[in-house]
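Undergrad: Add chain B to chain A, keeping to what the hints say.
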Amino acid sequence: MADAMGNTITVVSGLPRSGTSLMMQMLDAGGMDAMTDGHRTADDDNPRGYYELENVKRLRADNSWVADAQGKVIKVIHLLLRELPENYEYRVVFMRRYIEEVLSSQMKMLERQGTKGADLTAEKLGAIFQKQLQDVDAWLADRPQFKVFDVKYHELIADPQPIAEAVNTFLGGELNTQAMVEKVDPALYRQRKSGS
Amino acid sequence: MAKKIKVEKDLYERMVTAAEKAGYTSVDEFIVHVLDRKAAKLENLSTDEKEAEQQLRGLGYLE
Chain A
1 MADAMGNTIT VVSGLPRSGT SLMMQMLDAG GMDAMTDGHR TADDDNPRGY YELENVKRLR
61 ADNSWVADAQ GKVIKVIHLL LRELPENYEY RVVFMRRYIE EVLSSQMKML ERQGTKGADL
121 TAEKLGAIFQ KQLQDVDAWL ADRPQFKVFD VKYHELIADP QPIAEAVNTF LGGELNTQAM
181 VEKVDPALYR QRKSGS
Chain B
1 MAKKIKVEKD LYERMVTAAE KAGYTSVDEF IVHVLDRKAA KLENLSTDEK EAEQQLRGLG
61 YLE
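Top line first, the protein sequences correspond to chains A and B. Residue numbering for the first sequence follows our numbering, beginning at 1 and increasing consecutively. Residue numbering for the second sequence follows our numbering, beginning at 1 and increasing consecutively.
For the record, the hints were derived by calculation from the structure and aren't laboratory data. Please note that the accuracy of each hint is not assured.
Okay, derived cross-link-like pairs now, DSSO-like style, lysine-lysine, Cα gap no bigger than 30 Å in a straight line [as the list claims (entries may be wrong)]:
no.	chain 1	residue 1	chain 2	residue 2
1	A	K131	B	K50
2	A	K116	A	K147
3	A	K57	A	K131
4	A	K108	A	K131
5	B	K21	A	K116
6	B	K6	A	K147
7	A	K147	B	K21
Here are some of the chain B residues that sit facing chain A, going by a computed Cβ distance under 7 Å [stated by the list, open to error]:
no.	residue
8	G23
9	S26
10	D48
11	E51
12	G58
13	L59
14	Y61
15	L62
16	E63
All residues carry an ideal CB built from backbone N, CA and C; glycine is no exception.
The following block holds chain A by itself, in its conformation from the complex (with noise of 0.2 Å):
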């Protein structure tokens, strides 16, 4: 996959709890190379693993690590991206997922984890987030080193097979989709705005 890819890094983004953990499942599945250090383990919220690494936490203090991701996956959340070196190449699947499921499920995994969150409305708190999802946007449109494919997540738990495709084609066109397809699990959409 190394090859299919070159020095490209490839990046699944988004705002947390918008499926970039099941984009990373899907992606080590369909055989590329996950950039990951299994320090965040598997839990409720995230039953299959999380697909981190620490050091994109860091970022914004340090991003020379980001060399060794070429050829590989490493999940940046949407906020972190600017803190890319400019100076690679970039594919970036973006995942979209309805505002509301996004802070519904922030705050269970808050609770689970016992942490603080925003001290906002979620009103408020999403609308900052929608406005930080189009400071991306754009910030992303203004270089071209920077691929991006949007993945919407209820489109992919209902109907994965021709999103793993294009998502296959938008990477190169050598993973395995049939792999990649069986990592979506329907049973773990549980955040689900009414109508959805």
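TA: Same frame as chain A, now just chain B:
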């Protein structure tokens, strides 16, 4: 009056390379520009934006 700060040699060498790539006339100019831009960004974060960052920190996605 200018102040001096210390950075690790490896970081300094990376900044020299980055400054050259970005077309700055000197590494000093590059560092001042980067620090100024970063500080302005942090100064301009609203209280609500800081709270949103707390949400991400609480979830374990930021340090």
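Undergrad: Compare the structure with each hint and give your call.
TA: Taking the hints in turn, this is what the structure says about them:
Simply put, K131/A and K50/B have alpha-carbon atoms about 14 Å apart, close enough for the 30 Å limit, and the pair holds. Distance hint between K116/A and K147/A is unfulfilled; the C-alpha atoms sit about 34 Å from each other, more than 30 Å. A distance of roughly 21 Å separates the Cα atoms of K57/A and K131/A; the hinted pair therefore holds under the 30 Å criterion. For the given pair, K108/A sits about 23 Å from K131/A by alpha-carbon distance, which is consistent with the 30 Å threshold.
Restraint check: the Cα-Cα separation between K21/B and K116/A comes to about 41 Å, which exceeds 30 Å; the hinted pair is violated. A threshold of 30 Å between alpha carbons decides the hint, and for K6/B with K147/A the separation of about 37 Å lies outside it, so the pair is violated. A distance of roughly 22 Å separates the Cα atoms of K147/A and K21/B; the hinted pair therefore holds under the 30 Å criterion. Taking 7 Å as the C-beta contact cut-off toward chain A, the hint placing G23/B at the interface is violated, the least distance being around 13 Å.
Of the supplied interface hints, the one on S26/B is violated, with its beta-carbon coming no nearer than about 19 Å to a beta-carbon of chain A, more than 7 Å. The restraint placing D48/B at the interface with chain A holds, with a minimum CB-CB distance near 6 Å, inside the 7 Å limit. Look at E51/B: its Cβ gets to within about 4 Å of chain A, closer than 7 Å, so that hint holds up. For G58/B, the suggested interface contact is upheld, since its CB lies about 4 Å from the closest CB of chain A, less than 7 Å.
Because the closest C-beta pair between L59/B and chain A is about 5 Å apart, less than 7 Å, the hint holds. A hinted interface residue such as Y61/B counts as satisfied when its beta carbon comes closer than 7 Å to some beta carbon of chain A; here the least separation is about 5 Å, so the hint holds. With a cut of 7 Å, the hint placing L62/B at the interface with chain A holds, because the nearest CB-to-CB distance is about 6 Å. The restraint placing E63/B at the interface with chain A holds, with a minimum CB-CB distance near 5 Å, inside the 7 Å limit.
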